[in-house]
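Chains as they are written, first to last, in the working numbering: chain A, 432 to 714; chain B, 432 to 714.
Note that these hints are calculated values from the structure, not bench results.
Here the structure is a predicted model, which means the values were calculated and not measured.
Keep in mind that the hints are not guaranteed to be accurate.
Claimed, not checked - Derived coverage of chain B by chain A (criterion: at least 3 residues anywhere in the stretch with Cβ under 8 Å from a Cβ of chain A; other residues may be distant):
{"no.": "1", "segment": "493-501"}
{"no.": "2", "segment": "592-606"}
{"no.": "3", "segment": "656-669"}
{"no.": "4", "segment": "698-705"}
Claimed, not checked - Below 25 Å or equal to it, Euclidean Cα-Cα: the simulated DSS-like pairs (lysine-lysine) are:
{"no.": "5", "chain 1": "A", "residue 1": "Lys489", "chain 2": "B", "residue 2": "Lys456"}
{"no.": "6", "chain 1": "A", "residue 1": "Lys493", "chain 2": "B", "residue 2": "Lys620"}
{"no.": "7", "chain 1": "B", "residue 1": "Lys469", "chain 2": "B", "residue 2": "Lys499"}
{"no.": "8", "chain 1": "B", "residue 1": "Lys595", "chain 2": "A", "residue 2": "Lys499"}
{"no.": "9", "chain 1": "B", "residue 1": "Lys569", "chain 2": "A", "residue 2": "Lys489"}
{"no.": "10", "chain 1": "A", "residue 1": "Lys492", "chain 2": "B", "residue 2": "Lys475"}
{"no.": "11", "chain 1": "B", "residue 1": "Lys569", "chain 2": "B", "residue 2": "Lys475"}
{"no.": "12", "chain 1": "A", "residue 1": "Lys493", "chain 2": "B", "residue 2": "Lys508"}
{"no.": "13", "chain 1": "B", "residue 1": "Lys603", "chain 2": "B", "residue 2": "Lys625"}
{"no.": "14", "chain 1": "B", "residue 1": "Lys508", "chain 2": "A", "residue 2": "Lys492"}
{"no.": "15", "chain 1": "A", "residue 1": "Lys569", "chain 2": "A", "residue 2": "Lys595"}
{"no.": "16", "chain 1": "B", "residue 1": "Lys475", "chain 2": "A", "residue 2": "Lys499"}
{"no.": "17", "chain 1": "A", "residue 1": "Lys475", "chain 2": "B", "residue 2": "Lys580"}
{"no.": "18", "chain 1": "B", "residue 1": "Lys493", "chain 2": "A", "residue 2": "Lys493"}
{"no.": "19", "chain 1": "A", "residue 1": "Lys595", "chain 2": "A", "residue 2": "Lys493"}
{"no.": "20", "chain 1": "A", "residue 1": "Lys489", "chain 2": "B", "residue 2": "Lys620"}
{"no.": "21", "chain 1": "A", "residue 1": "Lys475", "chain 2": "B", "residue 2": "Lys493"}
{"no.": "22", "chain 1": "A", "residue 1": "Lys493", "chain 2": "B", "residue 2": "Lys595"}
To be verified - Short, incomplete list of chain A residues facing chain B, as computed with Cβ under 8 Å:
{"no.": "23", "residue": "Ala468"}
{"no.": "24", "residue": "Val471"}
{"no.": "25", "residue": "Gly481"}
{"no.": "26", "residue": "Ser486"}
{"no.": "27", "residue": "Gly487"}
Even for Gly, the Cβ is constructed at its ideal location relative to N, Cα and C.
There are 2 protein chains.
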Amino acid sequence: MYDAAIVGSGPAGLSAAMNLHLHNKNFIWFGTEGMSAKVVRSEKIANYPGMGLISGDKLNKKFSAHAKEMGLSVTSKMVTNIMAAGESFTLLAENDIYEAGSLILAIGAATGRGITGETELLGRGVSYCATCDGFLYKGKTIAVLCMSKAYEHEAEYLAGMTEKVFLYTPYKDSGIDLGNVTRLGSPIKAVYGKMRVEEIELVSGEHIPVDGLFCLRDSVAPAVLLPGLAMDGPHIMVDRDCATNLPGCFAAGDCTGRPYQIAKAVGEGNVAAHSLLDYLAGN
Amino acid sequence: MYDAAIVGSGPAGLSAAMNLHLHNKNFIWFGTEGMSAKVVRSEKIANYPGMGLISGDKLNKKFSAHAKEMGLSVTSKMVTNIMAAGESFTLLAENDIYEAGSLILAIGAATGRGITGETELLGRGVSYCATCDGFLYKGKTIAVLCMSKAYEHEAEYLAGMTEKVFLYTPYKDSGIDLGNVTRLGSPIKAVYGKMRVEEIELVSGEHIPVDGLFCLRDSVAPAVLLPGLAMDGPHIMVDRDCATNLPGCFAAGDCTGRPYQIAKAVGEGNVAAHSLLDYLAGN
């Protein structure tokens with residue numbers, strides 16, 4: 432069992448990881464090799480003290496280099512579910528299970544409001560993980576919401592597995608061109624079904640019968656990721672120590688609320704790590 | 432009148448100043464030309480994300496260069512008293528008076544616990560400002576607590592003005608060598624007097640009659656600096672938005688509590704600035 436798990440490799444997750452490392456904790460750090468897609472997408476950052484005016488891509492490279500210099504490495508798996516079980520947390524990441532005694536959520540701000548019915552039908556036709564659940568839909572018809580080009584290989588994997596895919600991407604230049612993939616011109620508004628997913632509804636009003644819906648996003652909504660987590664609107668509720676309502680679970684960065692700023696994120700990552708160290712010392 | 436005043440030029444003050452500048456606010460920023468003496472004194476800093484392992488001196492130079500690149504400049508005066516007056520704040524800095532509609536305190540952690548009797552006799556023989564009050568002690572005997580070499584020129588100014596000085600410095604290599612200056616071998620423990628300062632007591636137990644006591648420190652204790660400010664022990668009490676109990680007054684960095692970390696300070700400076708912008712927008 433790990434002392435701690437950190438979910439997220441943006442500025443908050445990095446800041447937290449650095450401090451747990453300096454305190455010799457045995458932890459696992461989930462994220463993406465590319466560190467922070469959000470930082471990379473920032474054209475210019477003027478207010479990260481000490482860096483001067485810098486491009487997001489260059490700052491992200493500096494974050495990455497700093498992590499490497501420290502010997503930190505990211506486990507590139509998407510965490511899709513966490514359970515608080517007594518004194519520890521069980522994390523599900525692409526069919527693998529991890530145990531940790533404490534947790535830092537640095538999962539970024541939830542983008543978009545989710546799809547109506549998504550949470551209710553999660554695990555009953557709604558899935559966040561192509562690798563985990565794709566095989567369940569052999570020969571079937573599914574809808575896929577692909578929020579980022581980074582997940583197109585997962586959408587293609589699903590197309591290879593299933594009979595037919597209705598695909599929606601919020602961006603224009605999708606590289607997916609397969610015979611059994613139909614592009615949706617309107618966003619997915621809702622998903623319906625009694626026992627399991629039966630159909631989706633588009634913003635245009637069109638209804639399409641499907642057997643499943645895969646939502647491929649950068650992050651899972653916090654309350655879905657970790658049931659029982661107290662929220663303040665779309666944000667994880669934390670106190671000044673970055674502690675959530677669940678003992679041993681801390682949160683940092685955009686997921687805890689505005690301002691959505693790199694300086695704020697590194698600050699909270701630092702605070703969350705120190706609070707976690709206090710928590711482990713007390714246990 | 433300024434939109435805002437920032438007190439302190441460490442990482443929290445810098446981060447706040449950057450954000451007010453980017454939002455075109457008319458503000459005054461009090462601090463020292465050297466930015467942060469505390470950062471400079473840090474031998475190595477490993478956990479300021481993106482900088483790698485860096486010396487405190489080098490990081491401070493990067494902070495300074497970033498401020499200069501933005502066209503920010505520090506007003507090198509020590510703020511010794513602030514009054515909350517209705518919708519604005521009145522700041523006293525070395526005999527000059529400034530008015531601001533809002534305030535960010537980024538004054539660092541109070542070092543030491545102060546001297547017994549200091550707060551009670553402030554303005555009645557206890558002073559924090561040689562330039563302001565030195566002339567009152569012509570031909571008299573005073574005690575001077577000089578906490579940093581940066582203030583030795585003020586101690587020398589006082590020695591030139593007065594008959595006799597009893598000097599205590601917590602560091603060893605003081606450069607002060609004047610005929611009327613007696614070095615104290617023991618720290619000052621207390622200051623006593625009925626209407627005004629009459630004598631000091633050293634930790635060694637010795638009592639020395641004096642007419643005044645000058646405390647030359649990096650910062651003034653928050654509750655003395657701004658009467659009415661709610662404290663949490665030695666720290667300024669703030670909420671998640673870095674708001675204090677006084678409307679329009681925000682605080683950031685070490686003065687709000689642990690962890691005493693640069694990442695936390697820049698994060699709170701950013702948050703305090705954004706909260707202040709919301710406050711000004713609402714007024």
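Hints broken by the structure, by number, lowest first?
-> 2, 3, 5, 6, 8, 9, 11, 12, 13, 14, 17, 19, 20, 22, 23, 24, 26 and 27
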